[in-house]
Amino acid sequence: MPCQDDPVDEAQALVQLDGATVRFGAFTALDAVDFRMFPGEVHSLMGENGAGKSTLIKAITGALALDAGVLRIGGVERHFAGPRDAQDAGVSTVYQEVDLLENLSVAENVFLGREPRRLGLIDHGAMRRDAAAVLEGLGLDIDPASMLGRHSLAVQQLVAIARAISTDVRVLVLDEPTSSLDLDEVAELFRVIRELKERGVAILFVSHFLDQVYEMSDRITVLRDGRLVGEYLTTELLRIDLVKKMLGRDVADIAPREHLVEPESAVEPVISARGLTRAPGIRGADVDVAEGEVLGVAGLLGSGRTELARLLTGVDRAQAGIIRIEEREHRLDSPRRAMQLGVVYSSENRRTEGLIGDLSIEDNIVLALQAQQGALKPLSTARRRELAVSWIEALNIKPADPDRPVRTLSGGNQQKVLLARLLALSPRVIVLDEPTRGIDVGAKVEIQRLVGELADNGLSVVFISAELEEVLRVGDRVAILREGEVAETVAAASLNPDTLMALVAQPDLPEA
Amino acid sequence: MSATVVDAPAPTAMDRVRTFSARRASVLPTLAAIVILVILLIGAQAEFGNFLSPRNLSALLLDHAYLMVLAVGMTFVIVTGGIDLSVGSVMAFTGILGSSMLASGTPVWIVIPVMLAGGAAIGTLIGVLVQYFNVQPFIASLAGLFLGRGLAYVVSLSSIRVENEPILWLQQTRFLIGDWYITPTGIIALAVVAAGAVIMALTRFGRTVYAIGGSEQSARLMGLSVARTKVLVYVISGLCGGLAGLLLTAYSGAGYPRNGIGTELDVIACVVIGGTLLTGGRGYVLGSMIGVFVFATINTIISFMGAEQSWTHIIIGALLLLFIVVQRAIVARSDRRT
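One line per chain: the protein sequences are A and B, in this order.
Position 84 of the first sequence, counted from 1, bears residue number 84 in our numbering, the numbering being contiguous throughout.
Position 259 of the second sequence, counted from 1, bears residue number 771 in our numbering, the numbering being contiguous throughout.
No lab work stands behind these hints: they were computed from the structure.
All of these numbers come straight from a predicted model, not from anything done at the bench.
Check each hint, because a few of them may be wrong.
[Claimed, not checked] Far from chain A by the CB rule (all over 12 Å, computed), these chain B residues:
#1 PHE563
#2 PRO625
#3 VAL640
#4 LEU680
#5 LEU688
#6 ALA703
#7 TYR722
#8 GLY726
#9 LEU733
#10 GLY735
#11 LEU736
#12 VAL738
#13 ILE827
#14 ALA841
[Said to hold, decoys possible] A short list of chain A residues far from chain B (calculated; beta carbon distances all over 12 Å):
#15 THR93
#16 TYR95
#17 LEU181
#18 GLY200
#19 GLU329
#20 ALA382
#21 ALA443
[Claimed, not checked] Listed next, with one range per pair, are the computed distances between beta-carbon atoms:
#22 A:HIS79 / B:VAL547: 53 to 61 Å
#23 A:ALA320 / B:LEU834: 50 to 58 Å
#24 B:LEU834 / A:SER494: 58 to 66 Å
#25 B:ARG528 / A:ARG117: 46 to 54 Å
#26 B:ASP691 / A:GLY137: 53 to 61 Å
#27 A:ALA26 / B:ALA633: 39 to 47 Å
#28 A:HIS79 / B:ALA706: 17 to 25 Å
#29 A:LEU379 / B:ASN646: 54 to 62 Å
Ideal Cβ positions, reconstructed from N, Cα and C, are used throughout, including at glycine.
Required output: the full structure, derived from the provided sequences and hints.
Quick look at the structure:
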């Protein structure tokens, strides 16, 4: 194995960041972080959402400028003005979202900006041949002249990698390259990564799949809240220690909520969906949530998490399937209808699909209630203030000033305002889509506790999160979504993050 | 891995269709425009008997040379996902500016570059507003529209006759090929189309134009020079506006500050009918030429019928609607991945 005794010459770092700091306004996304990469080594960058991984990547690839600190590539200090500069210095990137151009051909996507030319004009024939050669090296058998948009996301991802390695690449950054690939494609990608490693390329591999990180990487750097936790050799870092370092506390400290509902008991569900279908995201999903139960929903990106939430709450209309609320069948054809039936939805995009940033906390809280009453029966000023103050107190919203514009609040408090708005409607079912995304750890724990309390008071909750630990911590049962279907629903107490991850990611392999 | 050489069976017709649709689905709207053009021409010939005469077809190009030049510039802008509403008044401004300079005795070799530079200057202004001040292209070019029109009125409130030999030569010369003829203005228009098509298809600048229309963010992350390209497309459109001003002045033998009111909308219609997507990323300069020919043919048919010219706009409007719906359908189809 390559790096048992740390054989790399420490002086030979190909990429070296010293004291890297990036601020967005008052928020420090990256705080004096040191980071290095060595040739012929795969380096994993680990951390929870918001730990600063993306910011660090952007600093290396020239998409962001450092506010403080020094970046050296091959020992030379660099100040990249943009991704082009970084590419010229041999740093190529494949971003998480496939960022190619669907309206151009595969060959053009590989060579855009570096097209072979004859007499000053692009030689499309030569470009097609060169692209075919690069694609063949990746084991990809597609027509280089075909439009990129015609191919699956996985193929597009491999084309993005083809683009990255078709240059004289010294440093390759792969940001969540496997999130849209199936197992065979992942194996194919790993083969390519190993080849590049042989060639002495330094590879930055970011993935939230721990198995893949341990399979591929030689070295791991952990970030938390924009700060460096440490750099470790993969062989010397146990998984449990890695998770502790990422979360910043012992796993045992994070007590799961008392599971009140006996998962096996045959209580009548408050909301029950059968065979919900809406192409292309959801295919025949079955969901049951009992009174006072938290149903966690776990699934990979693209498994249909948000799509399911939108169907359950009338935001999107189902093409097939039935929804029963308290044993009566209903057609949920609008969010308004769903709200009348006591089913409310908190979107994963709080800023664009939830709150109105320039309105005050009070206005945001009473918004839905007022809408439900109708414009002809305005809530009195006193009643509005009373509502706002009581919810601010109940949910511990800070600052406790009802007139404060919502956009000035932190992410966690914004989420609480959104919750307050929905709870003011006295719903029976609340569907929370990524309620803790992008908010700090303290607020996260608070919201998780709040969800538990709501359920204890009889509310039925559907809790969707990309973080499996969180789903387990909050949920009584966990619905596992795979490719638009609820593959199974399991009692949360019977799972741990590893087994859940195995269920979510690998349908064929029961144990990770 | 899969490097086994297989004896490829001769591709069947079905395979060819599949390869074509995988590679060139975005040509379909342009092909549809060609079909419509052919139908229009055949229909007009059947109705009037003398429509497909060399004389009439030659006049088609002559009468719409300025429109074709504008359409080429507009294609660049629309493929980036932008829009340029200023072209009609830029054409009027440069036309009246040139006419007035010629009337005051300025030599033609100074006047023509000044006209082109005037158009390019307004285009640059719009491009800078769009790129560096983050103004919506619609708003920025609307400002350009008012600026151009205002400047045209500043130069002169009434029409100025042009008696300059070289300018009139552009229009009056007829190069004969049998019964066909072409004027220098027609040659200029076709040359602009050819140059535009080559730039779009075969230069890095042209491919960057498509890339920006596909996704500006991705183009930037791929290290393409997005800012420069976005400004340049408006400069090109402005330059085409200046050139169109020259052609229209030669065509009408005068500069007139009220020329080209509403022309920007005709140009946009031609470009869209020619198969360019208003949302950007797809389109062809040659398609825009076809679009202009469709427009020109409808125009001529209406005058053959002796009907009101407003019918041209009603029909163009209907066609435009049809094409936009067809394009939506095509885009929706190609978004469904294989």
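Identify every previously stated hint that the structure contradicts and give their numbers, smallest first.
Hints 7, 8, 9, 10, 11, 12, 15, 16, 23, 25, 28, 29 contradicted; others consistent.
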